[in-house]
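J.: Listed below, chain by chain, are the residues.
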Amino acid sequence: MNKLRIIATILAINVLCSCTIVQYEFGEAPKVESVRLNTYHDVLELYGAPDSLATVGDNLIFTYHSVKIVEPQLGLFIPSLDIFKYSWGKATATHTYLFYAFSEDGTLLNEGKSIWQNDLGNGSAFGVVFVVDETVDMSVYEETREVHLWGKQLLIPLNNAEESTHQVISGERIDIVGQSL
Amino acid sequence: MIKRLVYLVTSILVLTLISGCVNYNRESGVENLWRDNPKFVKGQTTASEVLAKLGPPSQVMNLGDKTIFYYMREEVSGEGIILLVYNNNKEVTSYDRAMFIFNTDNTLEDYAFSKRDNE
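Protein chains in written order, with our numbering: chain A, 1 to 181; chain B, 1 to 119.
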């Protein structure tokens, strides 16, 4: 009986290898306080500088946003290819989002909070056992944020600039990780 | 003979289990000079003084006749442990931000920095 257990354990270790947990965290949304907020001064005082801001018409928008991605992967040894493995993974992103809209004089017009999950799909990869690969495409989360490119984009002649660049220069675009609004 | 065998098996096990650790860090965006405690006074500090202390902002906006300076610094830190049987990799991206709102006379109306964990 013991021999069977040992053999089963050895087999399991040999077949199920290189299981991986890949995690990404972008930003940290503040914990919502049950305090009455009337102006952007109140919001700045309570939550600090926003994660992203934009002006739309005469209104000012603040957003606080965080994303947490978890991608568990199952790794299997490939018989006769000792250092190679086959990985299968599935990723889920959890978003926390706070939204505030203010009038030009700073009065709070709208506010909202939302927490939701996105299924980022699943995928598989073939690789060496000592390397951690992503099995799901997360390139949308790895793009440089618009705010880092804003100054560079100002150097582009407006006539040649894309519409999105114009939106950024005029401050109409909210810069959120993994999304373009 | 048995001792050598035990030593060999132990070495193989250790090599199998403790095969690698990774740690990395990168930064982008403007320098977060606002963390050096420069003094800003609402109603007194001007846009020029903020520019002199912090340098060019990441983004400039206008809200009616008001001007907004927005600064952002991004820091990515990652760590992972690669055992052959189990691997774990975690990457955390944090954003350090500062925002300044100026009145029509270019004096500071309000400002704020992003809150840190201990704030």
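Worth double-checking, as some hints may not be accurate.
With a cut-off of at most 16 Å between alpha-carbon atoms, the simulated EDC-like pairs for lysine to aspartate or glutamate come out as follows [what the hints assert, rightly or not]:
| id | chain 1 | residue 1 | chain 2 | residue 2 |
| --- | --- | --- | --- | --- |
| 1 | B | Lys-42 | A | Glu-45 |
| 2 | B | Lys-66 | A | Asp-105 |
| 3 | A | Lys-31 | B | Glu-91 |
| 4 | B | Lys-115 | A | Glu-45 |
| 5 | B | Lys-90 | A | Asp-58 |
| 6 | A | Lys-68 | A | Asp-119 |
| 7 | A | Lys-68 | B | Glu-91 |
| 8 | B | Lys-66 | A | Glu-45 |
Listed below are several chain A residues computed to face chain B (Cβ distance under 10 Å; list not exhaustive) [stated by the list, open to error]:
| id | residue |
| --- | --- |
| 9 | Leu-44 |
| 10 | Gly-75 |
| 11 | Pro-79 |
| 12 | Asp-105 |
| 13 | Asp-119 |
| 14 | Leu-120 |
| 15 | Gly-121 |
| 16 | Phe-126 |
| 17 | Val-129 |
Simulated from the structure, these hints should not be mistaken for lab results. Keep in mind it's a predicted model, so treat the numbers as computed, not measured. All residues carry an ideal CB built from backbone N, CA and C; glycine is no exception.
J.: Would you mind marking each hint as holding or not holding in the structure?
T.: We went through each hint and held it up to the structure:
For the proposed pair Lys-42/B and Glu-45/A, the alpha carbon gap of about 13 Å is at most 16 Å, so the pair holds. A threshold of 16 Å between alpha carbons decides the hint, and for Lys-66/B with Asp-105/A the separation of about 10 Å falls inside it, so the pair holds. With a CA separation close to 21 Å, the supplied pair Lys-31/A and Glu-91/B exceeds the 16 Å bound. For the hint pairing Lys-115/B with Glu-45/A, the CA-to-CA distance comes to about 10 Å; that is within 16 Å, so the pair holds.
Of the supplied pair hints, the one linking Lys-90/B and Asp-58/A is violated, its CA atoms being roughly 41 Å apart against a limit of 16 Å. For the given pair, Lys-68/A sits about 12 Å from Asp-119/A by alpha-carbon distance, which is consistent with the 16 Å threshold. Distance check on the hinted pair: Lys-68/A and Glu-91/B sit about 10 Å apart at the alpha-carbon level, within 16 Å; holds. In summary, the hint linking Lys-66/B to Glu-45/A is not supported, as the alpha carbons are separated by about 19 Å, beyond the 16 Å threshold.
Restraint check, Leu-44/A versus chain B: the minimum CB separation of about 4 Å is within 10 Å; hint holds. Here the hint on Gly-75/A is kept, as its CB sits about 8 Å from the closest CB of chain B, short of 10 Å. Against a cut-off of 10 Å between C-beta atoms, the interface hint on Pro-79/A is violated, since the closest Cβ of chain B lies about 16 Å away. At about 8 Å, the closest approach between the beta carbon of Asp-105/A and any beta carbon in chain B falls short of 10 Å, and the interface hint on this residue holds.
At about 20 Å, the closest approach between the beta carbon of Asp-119/A and any beta carbon in chain B exceeds 10 Å, and the interface hint on this residue is violated. For Leu-120/A, the interface hint is violated, since its Cβ never comes within 10 Å of a Cβ in chain B; the closest pair sits about 15 Å apart. Among the interface hints, the one on Gly-121/A is violated; its C-beta lies about 19 Å from the nearest C-beta in chain B, farther than the 10 Å criterion. Using the Cβ-Cβ criterion of 10 Å, the hint placing Phe-126/A at the interface with chain B is not satisfied: the shortest such distance is roughly 16 Å.
Because the closest C-beta pair between Val-129/A and chain B is about 6 Å apart, less than 10 Å, the hint holds.
Of the numbered hints stated above, those contradicted by the structure are hints 3, 5, 8, 11, 13, 14, 15 and 16, listed in ascending order.
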